[in-house]
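Position one of the sequence shown corresponds to residue 1 (full-length UniProt numbering), numbered consecutively onward.
Any given hint could be a false lead.
Beta-carbon label-pair distances, calculated as ranges [stated by the list, open to error]:
{"id": "1", "residue 1": "N97", "residue 2": "D70", "range": "14 to 22 Å"}
{"id": "2", "residue 1": "G57", "residue 2": "N97", "range": "27 to 35 Å"}
{"id": "3", "residue 1": "E268", "residue 2": "Q335", "range": "30 to 38 Å"}
{"id": "4", "residue 1": "V258", "residue 2": "T48", "range": "34 to 42 Å"}
{"id": "5", "residue 1": "T260", "residue 2": "N97", "range": "31 to 39 Å"}
{"id": "6", "residue 1": "S334", "residue 2": "S68", "range": "34 to 42 Å"}
{"id": "7", "residue 1": "G312", "residue 2": "L56", "range": "22 to 30 Å"}
{"id": "8", "residue 1": "K110", "residue 2": "N190", "range": "33 to 41 Å"}
{"id": "9", "residue 1": "L238", "residue 2": "K125", "range": "16 to 24 Å"}
{"id": "10", "residue 1": "Q187", "residue 2": "T260", "range": "33 to 41 Å"}
{"id": "11", "residue 1": "A111", "residue 2": "S47", "range": "24 to 32 Å"}
{"id": "12", "residue 1": "Q187", "residue 2": "V160", "range": "44 to 52 Å"}
{"id": "13", "residue 1": "L56", "residue 2": "Q335", "range": "37 to 45 Å"}
{"id": "14", "residue 1": "M1", "residue 2": "V263", "range": "44 to 52 Å"}
Below 25 Å or equal to it, Euclidean Cα-Cα: the simulated DMTMM-like pairs (lysine to aspartate or glutamate) are [unchecked claim]:
{"id": "15", "residue 1": "K46", "residue 2": "D26"}
{"id": "16", "residue 1": "K95", "residue 2": "D62"}
{"id": "17", "residue 1": "K183", "residue 2": "D209"}
{"id": "18", "residue 1": "K110", "residue 2": "D209"}
To be clear, the hints were calculated from the coordinates, so they are not data collected in a lab. We put the beta carbon where it would ideally sit given N, CA and C, even for glycine.
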Amino acid sequence: MIEKGPIFVSGADGDKGYAIVKKLLDTPNLLHLNPQPVYAGVIDTKSTSSREMSSLGAMVLDLNILESFDKVVDALKKAVKLVLVIDPLNKRMTKKNLFQYGKLLIDAAKAANIQHVIFITPFSKLDPLTPPSTPLRAEKQPSASYRSQFMLVQTYLVSVFSKETTTILCYPGILHQHLLVFKDYIQQHNAFPLPNKHLENSVESSNLDDIARAAAYIAHSPTSRHGGKEYKLTGPQLLTLREVSSNVLHGLGRSIQVDTMDVYRLKEILTESLRSQDHADFLLEIWGLQKQKQLLGRRRFEITRDLEALTGKSGKTLLEYIQDDNVSTHFQSSQRIILS
1 MIEKGPIFVS
11 GADGDKGYAI
21 VKKLLDTPNL
31 LHLNPQPVYA
41 GVIDTKSTSS
51 REMSSLGAMV
61 LDLNILESFD
71 KVVDALKKAV
81 KLVLVIDPLN
91 KRMTKKNLFQ
101 YGKLLIDAAK
111 AANIQHVIFI
121 TPFSKLDPLT
131 PPSTPLRAEK
141 QPSASYRSQF
151 MLVQTYLVSV
161 FSKETTTILC
171 YPGILHQHLL
181 VFKDYIQQHN
191 AFPLPNKHLE
201 NSVESSNLDD
211 IARAAAYIAH
221 SPTSRHGGKE
231 YKLTGPQLLT
241 LREVSSNVLH
251 GLGRSIQVDT
261 MDVYRLKEIL
271 TESLRSQDHA
281 DFLLEIWGLQ
291 KQKQLLGRRR
301 FEITRDLEAL
311 TGKSGKTLLE
321 YIQDDNVSTH
331 FQSSQRIILS
């Protein structure tokens, strides 16, 4: 087994892949490591993020696994490790092709003799809500659940690669950066929209910068150090939904006011902000709100020390994230938010 080497990041045109690429390039200087070549798989090499990654030293490659399998295999042959990022907020991703996308990338990685796959997922097997089907069934009739699709990808991954060559990195619950979808509503109503039920339910949260940092630390480490392990990254706090809204509004210096509504109205607000019903469905699902009566009472919430164990630092709190000057500027901007 080759323990270290060039690193390939799929989905680098999305916010998670993009953040991971930048951390991969920064980490060797911070930890005094030998730098490794970093490859970023995108579908538009001329985008602003692609040009920035290229200027920082990444090799940005125009690749689409759904259209050119052999081209992706050839690109992966240059790498030793794959950071497998599947982002449902990407324009090319749908519920129907998510499993196919992941399966093809795994097949390409196997064909390219990748030595270590680091799978980034918002769902954990530790919180069973909807049992995944078999991959065979999923290909014939895709599940309506994003969680089932991610679980199918994870199941397929460990069936193709040996356990010691895979690492699962889970970021559960609310990703701080996703709360930007409510910026227009906050600007217009000076209030935070919340479901009218379960306001006191606790939710896990995580920060994109922390996820990227953990992924970079794992990718730059010897495969044997993290192979066969599953990590669940959470922020240092469990917050109720009401406390989430209070932290956001307090961090922005606004009065604390909540607009309660049914989940259908909440979905309308998300759909209007994201301009995609599928993207709204994904956020509601990872927040545990798409089927309130069925799911919220059965979720297991916890604060883990995995991030601290991996990187030596605890994660950002939601309030710390919101109070960052750049974040406050984004919340007050009139530009449409694009999550990808």
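Right, here's what the structure says about each hint:
1. N97 <-> D70: 14 to 22 Å: With a Cβ separation near 19 Å, N97 and D70 satisfy 14 to 22 Å, so the hint holds.
2. G57 <-> N97: 27 to 35 Å: holds, 31 Å
3. E268 <-> Q335: 30 to 38 Å: Given range 30 to 38 Å: violated, Cβ gap about 21 Å.
4. V258 <-> T48: 34 to 42 Å: holds, 35 Å
5. T260 <-> N97: 31 to 39 Å: For N97 against T260, whose Cβ atoms are near 35 Å apart, the range 31 to 39 Å holds.
6. S334 <-> S68: 34 to 42 Å: Check passed, 38 Å falls within 34 to 42 Å.
7. G312 <-> L56: 22 to 30 Å: For G312 and L56 the Cβ distance comes to about 24 Å; the hint holds.
8. K110 <-> N190: 33 to 41 Å: Given about 52 Å between the Cβ atoms, the range is violated.
9. L238 <-> K125: 16 to 24 Å: At 20 Å between Cβs, range holds.
10. Q187 <-> T260: 33 to 41 Å: Given about 19 Å between the Cβ atoms, the range is violated.
11. A111 <-> S47: 24 to 32 Å: The hint (24 to 32 Å, Cβ to Cβ) holds, given that A111 and S47 are roughly 28 Å apart.
12. Q187 <-> V160: 44 to 52 Å: Cβ of Q187 to Cβ of V160: about 47 Å, so the range 44 to 52 Å holds.
13. L56 <-> Q335: 37 to 45 Å: violated, 24 Å
14. M1 <-> V263: 44 to 52 Å: This hint holds: roughly 47 Å between Cβ atoms.
15. K46 <-> D26: Judged against 25 Å, a Cα distance of about 22 Å means the pair holds.
16. K95 <-> D62: OK: K95 and D62 at ~23 Å, within 25 Å.
17. K183 <-> D209: Holds - the C-alpha atoms of D209 and K183 are around 20 Å apart, at most 25 Å.
18. K110 <-> D209: violated, 29 Å
In terms of the numbered hints stated before, the structure departs from hints 3, 8, 10, 13, 18, listed from lowest to highest.
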